[in-house]
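> Quick mapping for you: the protein sequence lines, in order, are chains A and B.
Using the working numbering, read the first sequence as starting at 1 and increasing by one per residue.
Using the working numbering, read the second sequence as starting at 1 and increasing by one per residue.
Everything labelled a hint here was simulated from the structure, so no lab data went into it.
Certain hints may be false.
The calculated PhoX-like cross-link candidates involving lysine-lysine, where the alpha carbons are at most 25 Å apart (straight line), are [stated by the list, open to error]:
id: 1; chain 1: B; residue 1: Lys78; chain 2: A; residue 2: Lys152
id: 2; chain 1: B; residue 1: Lys62; chain 2: A; residue 2: Lys155
id: 3; chain 1: A; residue 1: Lys155; chain 2: B; residue 2: Lys155
id: 4; chain 1: B; residue 1: Lys80; chain 2: B; residue 2: Lys168
id: 5; chain 1: A; residue 1: Lys120; chain 2: B; residue 2: Lys78
2 protein chains.
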Amino acid sequence: MASSTDPKSDQEYGKGAPPPPQPRPDAPAVVNYFAVDVALRVLLFAAAVTGVVVIVTSDQTKWVPSINGGINGFGYRKAKFNHSPAFIYYVVAMSIAGLYALITILASISVLFKPSFQTKLLLHLAFLDVLILGIVASATGSAGGVAYVGLKGNKHVGWIKVCSTYDKFCQHLAGSLAVSLFACVLLVFLTWLSIFSLHARIHKY
Amino acid sequence: MASSTDPKSDQEYGKGAPPPPQPRPDAPAVVNYFAVDVALRVLLFAAAVTGVVVIVTSDQTKWVPSINGGINGFGYRKAKFNHSPAFIYYVVAMSIAGLYALITILASISVLFKPSFQTKLLLHLAFLDVLILGIVASATGSAGGVAYVGLKGNKHVGWIKVCSTYDKFCQHLAGSLAVSLFACVLLVFLTWLSIFSLHARIHKY
Numbered sequence: 001m002a003s004s005t006d007p008k009s010d011q012e013y014g015k016g017a018p019p020p021p022q023p024r025p026d027a028p029a030v031v032n033y034f035a036v037d038v039a040l041r042v043l044l045f046a047a048a049v050t051g052v053v054v055i056v057t058s059d060q061t062k063w064v065p066s067i068n069g070g071i072n073g074f075g076y077r078k079a080k081f082n083h084s085p086a087f088i089y090y091v092v093a094m095s096i097a098g099l100y101a102l103i104t105i106l107a108s109i110s111v112l113f114k115p116s117f118q119t120k121l122l123l124h125l126a127f128l129d130v131l132i133l134g135i136v137a138s139a140t141g142s143a144g145g146v147a148y149v150g151l152k153g154n155k156h157v158g159w160i161k162v163c164s165t166y167d168k169f170c171q172h173l174a175g176s177l178a179v180s181l182f183a184c185v186l187l188v189f190l191t192w193l194s195i196f197s198l199h200a201r202i203h204k205y
Numbered sequence: 001m002a003s004s005t006d007p008k009s010d011q012e013y014g015k016g017a018p019p020p021p022q023p024r025p026d027a028p029a030v031v032n033y034f035a036v037d038v039a040l041r042v043l044l045f046a047a048a049v050t051g052v053v054v055i056v057t058s059d060q061t062k063w064v065p066s067i068n069g070g071i072n073g074f075g076y077r078k079a080k081f082n083h084s085p086a087f088i089y090y091v092v093a094m095s096i097a098g099l100y101a102l103i104t105i106l107a108s109i110s111v112l113f114k115p116s117f118q119t120k121l122l123l124h125l126a127f128l129d130v131l132i133l134g135i136v137a138s139a140t141g142s143a144g145g146v147a148y149v150g151l152k153g154n155k156h157v158g159w160i161k162v163c164s165t166y167d168k169f170c171q172h173l174a175g176s177l178a179v180s181l182f183a184c185v186l187l188v189f190l191t192w193l194s195i196f197s198l199h200a201r202i203h204k205y
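Next up, chain A with everything else stripped away, as it sits in the complex:
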């Protein structure tokens, strides 16, 4: 991992602006967590892409009783993620998370060997990670809430179970939701890592 003790890099910082304070000689060494950060973001990207692909490929067509007549009162009926606004929101949120992961992987890699920009990037990453966590967590909750109604139904208001008919559709949903829960955990860890790294720099400079 790159260390942030290179004095030359500190001198490169902000041409024209006053030079930042040099590290204190009595300060403890700062461990650089950007390699861990990049690894977590790669996992986040993989989780987001998996989550989107699994839910988008969940289409299932079944031969079920049809309200529109059909043959002997039966007809083909399709279950698709875009039949519910909650799942559309979920796909949009996971796509945003995937795109965000990709951009921040590049940003994190680009400062791996430029210690002078690391503190500023940590601040911005922590800010944005929190926002993306809010979006992904709410999307996971929203899709999970609707999927649970599909799984168990709700006898109080007469909403029927869907998963007993559309088994493949619901398996895809469950898989995608598990992955997005993992993405939420990753985002919490990423934010914690940025905050911890910022905290570790307090007694360094």
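Place chain B on chain A using the hints.
Positioned in the frame of chain A, the structure of chain B alone reads:
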């Protein structure tokens, strides 16, 4: 607002442990945001309590067609938040957020005039705020997803609208969800504030 430039307080830090580094003479002054932090947490507490009270008092009983017979095929039927697991999760999450807000208000007030503990508290608050944000955002999403099905129904799977019958119940739901969305925004701001305060201390010590 209390300032963290009091050298006596720094010397009180950690009896037995090595004394922390003194502020650099060339460092810019650090603004102390703990008063803002306390104000935001009071708002969060108010939002959480309001959200819980509004959804818990949403019971509504209506004279509707009954599947169990009743008088002329009609009967009284109650809508209550605990008929849906999503709303139960929502109430639990908002209660946790309220309790958390209460505890952290006391913690923030207690360090207002003890600058030596502020950095450590900021770190812990930022860590916990992120967790609570994840919980509240997912609960808001989950309750919102189910409430939306109640409002619009879903013709693809034959889930009927509920809000056309239970108007008061749905108004309470909508009010509570608006408040919890506000709580999510507050939690994002609180995390940002803690992160920003930590960052501001980097060139101070």
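> Now tell me, hint by hint, if it's right for this structure.
We went through each hint and held it up to the structure:
no.	hint	verdict
1	B:Lys78 x A:Lys152	holds (20 Å)
2	B:Lys62 x A:Lys155	holds (16 Å)
3	A:Lys155 x B:Lys155	holds (17 Å)
4	B:Lys80 x B:Lys168	holds (11 Å)
5	A:Lys120 x B:Lys78	violated (55 Å)
Taken one by one, the earlier hints fail for this structure only at number 5.
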